[in-house]
Structures are given as C-alpha cells and as structure tokens.
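Trainee: Letter by letter, the chains look like this.
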Amino acid sequence: MDFFSTAFAIIYQFGDAFAFLVLSAAGLAVIFGMMGVINLAHGEFIMCGAYVTVAVARMGVPLPLAIVAGSIAAGLVGLVIERLVIRHLYHRPLDSIVATWGISLIATQGVLIVLGSTMQGIGTPLGSVQVGALSYSTYRIVLMAAAVLILLVLWLLFYRTRYGVIARATIAAPQMARALGVDTRRVYALTFALGAALAGLAGGLYAPTMTLVPTMGATFIVESFVTVVVGGADIFLGAAPAAAILGVIRAGLTAWQGQFFGQIGLLVAVILVIRVLPNGLSGLILGNRR
Amino acid sequence: MAGETLLSVSGLRGGYGGKPVLQGIDLSVEEGEIVAVIGRNGVGKTTLLKTLIGLLSPMDGTIRFAGEDVTSLPADKRAKVGIGYIPQGREVFPRLSVSENLMVGETAGAGRSEPNYQRVYDFFPILKERARQAAGTLSGGQQQQLAIGRAMIGAPRLMLLDEPSEGIQPSIVQEIANNVKRLNAETGVAVLLVEQNLDLIVSMARRGFVIDKGRIVAKLGPEEITSRDVVRRHLAL
Ligand SMILES: Nc1ncnc2c1ncn2[C@@H]1O[C@H](COP(=O)(O)OP(=O)(O)OP(=O)(O)O)[C@@H](O)[C@H]1O
Ligand SMILES: [Mg+2]
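So the protein sequences, as listed, match chains A and B. FYI, the numbering for the first sequence is 70 to 359, going by the working numbering. FYI, the numbering for the second sequence is -9 to 227, going by the working numbering.
Be a bit skeptical, because a hint or two may be false.
[To be verified] Going by beta-carbon spacing under 10 Å, a handful of chain A positions derived as facing chain B:
{"id": "1", "residue": "R127"}
{"id": "2", "residue": "R231"}
{"id": "3", "residue": "V234"}
{"id": "4", "residue": "R237"}
{"id": "5", "residue": "A238"}
{"id": "6", "residue": "T239"}
{"id": "7", "residue": "A241"}
{"id": "8", "residue": "A246"}
{"id": "9", "residue": "R247"}
{"id": "10", "residue": "G250"}
{"id": "11", "residue": "L353"}
{"id": "12", "residue": "L355"}
I should point out that these hints are in silico values taken from the structure, not numbers from a laboratory. Quick caveat: nothing in here was measured; it's all calculated off a predicted structure. For every residue, glycine included, the Cβ atom is placed at its ideal position computed from N, Cα and C.
Extracted from the complex, chain A is given alone in its bound form (with noise of 0.2 Å):
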C-alpha cells in the first residue's frame, strides 16, 4: 500500500470512531452538563430516533428528512418526559438516574411488545468509494462531516443566541438567573429536549447502517457515557476532546489488535480518567484557567 492510501485508512478510522462518539455522546453531554441529570434512558431517546426516521423513509421521503423527523420525535418525546418526570427530580440526583432507567426499560419492552423483536430497515446509502486497495462507505464520510457541523451549530447556539447565553447563565448560578427574570425550568425543558432531539438525530443518523431492534440503544450508550466521563460537564471544552482522544484510541487499538481490543481501550481510558481528572478533561482545563 502506498502511503496515500495507508494514510487514508487510519484517518478514516479514526474520523468513524470519532464521529461515533459525538454523536452518541452530543445528546447525554447536554443534558448531563447543563443540568447534572444522568439519563439513562439515552439510548432509548436514540432509538426512538431510529425507528421515526426508517419507518418515515419507508414511507418514501427523502433520508435527509426522516432523519430530522427521527430528531423532532425524539425531541417531543424529551419534552413531555420532561414535565412528567424529570422536572420532579432536580435536586434527586440518585431518584433521577433510577426514574430514567425505569423509563428506558419501560421504552425497550413496550417497542418490543407493539413493534416486535426486529424492524426491518433501510440499507445504506450512497456506495462506496475506492481508496488504494480498500473501498470505504461513503455514508460514514458523510457521517464524519455531520459530527463536525453539529458541534459547530451547538457552539453557534450556546455561544451566539440568546437561549444558549441564557442557557449557560442558568447552568451557572440557577437562582441569580431566577432573580433576572429568567424562568429556568423553561431553560431546564428547552435543554432536556435538545438533548433528547440530538440523541434522536444520533439514532437516525446511524439507522441505515444498523439493525434495528428495541435494544439498539445498547449499542451506543457504553460510548456515549465514557464520552462524557472522560470529557466533563463541558460539552466543547471536555466531550469533543475527549472524542478525539478516545476516538485515536480506539482506531489505534482497532487497527492493531481488532475491534475488540478497540473498546476495551476505551474502558481503560475512562477506569484511568476517573482516578487522574475526577471532573475529566474540562474540569482539568477549567481548573487550570482560574
């Protein structure tokens, strides 16, 4: 191989890993460091976000489309999980964490139940391209580049609009915003449901290359959650690094090893992260500026 092509290789290795993790991660990142709610029915948002989007694509609009509708359920479904649920427990860490791992239970059984064991999916799309020796799918390019440009729009929304200012006023110092003016729990839905909606997006974006079952969300949530452990609360300064890292990791260890050296790379990276930088990666930067 020429080393174009070798180059080529280990550069798209790396960019699917890293665009797995973001996309996994973007949705428990916001809700985990604007509000401190560990959800764990993550996965279950992702999923939801799979299904929308294969049975709005079979129904013959374009993907594009049915992967924003895939993000919008999701985003619905954070919204009234919201006011049902969440909302009750702010200040109960441990009750929160309990009630969304009862809420993804409920959600994998009841899919099972009305939807049966499997869905039958949509293939991927767009080919492949020939690079040297090997072909690589070009929707897990495209996958790389949408990684990318939805970090961009989340730092555009909490750094240029008036909800992300607001957003990040409120995750500061909740009772100051309060005496502003601010009504936090509209903050505090709006951010829950953006995070669902991203976890959404991540289903529907991974939905053709998957099968589909109740239990997909499994499939992203070790990811996910050693994502935003080893990055920290801060979504940009902790979880897209830590991406990055991890993603050079995992496609370093993928590559020499196998895949399942891979993810046990990431496993020691987060057991290793949890004893050096208890606050990960942005409490370590953050700590350093002050």
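Guided by the hints, dock chain B with the ligands onto chain A, whose structure is given.
Mentor: This is chain B with the ligands only, laid out in the frame that chain A set:
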C-alpha cells in the same frame, strides 16, 4: 418623588426552614426613594432581600409591590414586575462575558421596556470597554458595577442593593454611591440599600430601618439617617 408606596411589607417571617430568621418585618419604600436597612452581621439583612426578590419563600406576612400582592410570585415573576436584585457578593456569571451578563439582565424588562445599553455604558464606561471580557476576570469594583448594570438593563422600579461596598476599594465605593444616587435622580428608581458602611449610608439614604435579630428595632428619619453619630450608634448597637 411621587410619594406613592411602591413596596410595602407587613408581618414578614421567613428564613431557611427551622426557626425563622425574619421575625415579623414591617417596612415600606415610596416611589423614587432611597431607603437603608442597617444592622450588624448576621441579623437577617440578606435574608430579608432574598425573601423580597422571592428566592426564599416567606412563612408568613405579605409583600405588596406597586399595589399588587406579590407574596406568592416566584423570583422570575417578581423581577419581571420591576424588582431588580443586586446580591451581596455580586454573583456575576463568571464565565459569561460582560455583555452576555447584561443580556441575561434584559430578561427582567422583556415586554415592559427596551433595554437601554447606552444608559448603562454612560454610567459605567468600564463595562463598554470590557464588554467582551469574561466577568470572572473583572476586579471586585468592576463586578459590582456590572451587577448594578445587569439590574439596570431590566428597567427596575426598585433596586434591592445588598452591601455594594463590601470588599471594594474606598475610592470606588464613593464612585458607585454617586452613580446609584444619580441613577435614582435621573430615572426615579427606588433603592432599598443594605449597608454597614457609614459613609455610604449617610451619603445615600433619606430614611432608614434598623434591623436586629430579625426585627425592625428603629426607624430613622431624614435627620437621623444623615447624622453620622446616630447611624454609628445604631450600627454598633
Ligand atoms: N443558607 C442559609 N441556611 C441557613 N441559615 C442561614 C443561611 N444563610 C444565612 N443563614 C443564617 O441566617 C441568619 C441571617 O443571615 P443573613 O445572611 O441574612 O445576615 P446579614 O444580616 O445579611 O449578615 P451580613 O451583614 O454578614 O451579610 C444568620 O444567623 C445566618 O447564620
Ligand atoms: Mg448579608
């Protein structure tokens, strides 16, 4: 000064659960007035202001603002009817820029008035100079100006100002006092000032309440509140 009652508090009891810190407070502020609440450390001054803005819920008593009973309104709704809060310790949002801090302050005035940035920058030029800087990197005096500006931008009719002089250089203290007095004169905003700094009390307030152990123990009229001896005696109580 219109002489209409803007804020009236009667029989206010409240605190943090358990034994109430406030043991039945009665006070009032007229439209356009600067009124001081003075007293030693730990007598409940901050607790009073937090209960007035709605961050603590009262156990008993009523709070009326501009003729409306606001006792059961949450803090965000009280801010929106025109109560501005400048807490002890300033509590600017440290990682937000100066202009983002002001933007959050706009929320209180939304639908009631247009945010007047020109006026804020006119009173506190440093805020314009440092608009893009993170608020956490400002000096104490600058943060105090930002906290006042952040309340001003929401066009309050009453500002609750908790120990603005605390931890600030004496030269800046007088400047802040002058700015608040000028703001009061030009816009007619009323001020309920909690202070322990003698100079500030004497130079700003036109009336005062002395608080001790959660009760109002004395009321000071215009002559008394501007007399250094009287105020010093009540502060040392
Ligand atoms: N968060 C809290 N929880 C429980 N008790 C509190 C809390 N904050 C203050 N207290 C108590 O309430 C009482 C009144 O405190 P407060 O802060 O209102 O006093 P203050 O008059 O503002 O004092 P200072 O001049 O030091 O600011 C004190 O005895 C204090 O210990
Ligand atoms: Mg105090």
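Trainee: Give a verdict on every hint.
Mentor: Here's how the hints hold up against the structure:
About 44 Å separates the beta-carbon of R127(A) from the nearest beta-carbon of chain B, more than 10 Å, and the hint is not met. Of the supplied interface hints, the one on R231(A) holds, with its beta-carbon coming within about 7 Å of a beta-carbon of chain B, less than 10 Å. With its C-beta approaching chain B no nearer than about 5 Å, V234(A) sits inside the 10 Å limit, and its interface hint holds. Annotation: R237(A) was flagged as interfacial toward chain B, and the flag holds, the nearest CB pair being 6 Å apart, inside 10 Å.
Contact between A238(A) and chain B, as hinted, is supported at the beta carbon level, the nearest pair being about 4 Å apart and thus within 10 Å. Look at T239(A): its Cβ gets to within about 9 Å of chain B, closer than 10 Å, so that hint holds up. For A241(A), the interface hint holds, since its Cβ comes within 10 Å of a Cβ in chain B; the closest pair sits about 5 Å apart. Because the smallest distance between the Cβ of A246(A) and any Cβ of chain B comes to about 6 Å, under 10 Å, the interface hint for this residue holds.
Restraint check, R247(A) versus chain B: the minimum CB separation of about 4 Å is within 10 Å; hint holds. Because the closest C-beta pair between G250(A) and chain B is about 3 Å apart, less than 10 Å, the hint holds. Taking 10 Å as the C-beta cut-off, the interface hint given for L353(A) is violated, the closest approach to chain B being about 16 Å. A least Cβ separation of about 8 Å between L355(A) and chain B falls short of the 10 Å threshold, and the interface hint therefore holds.
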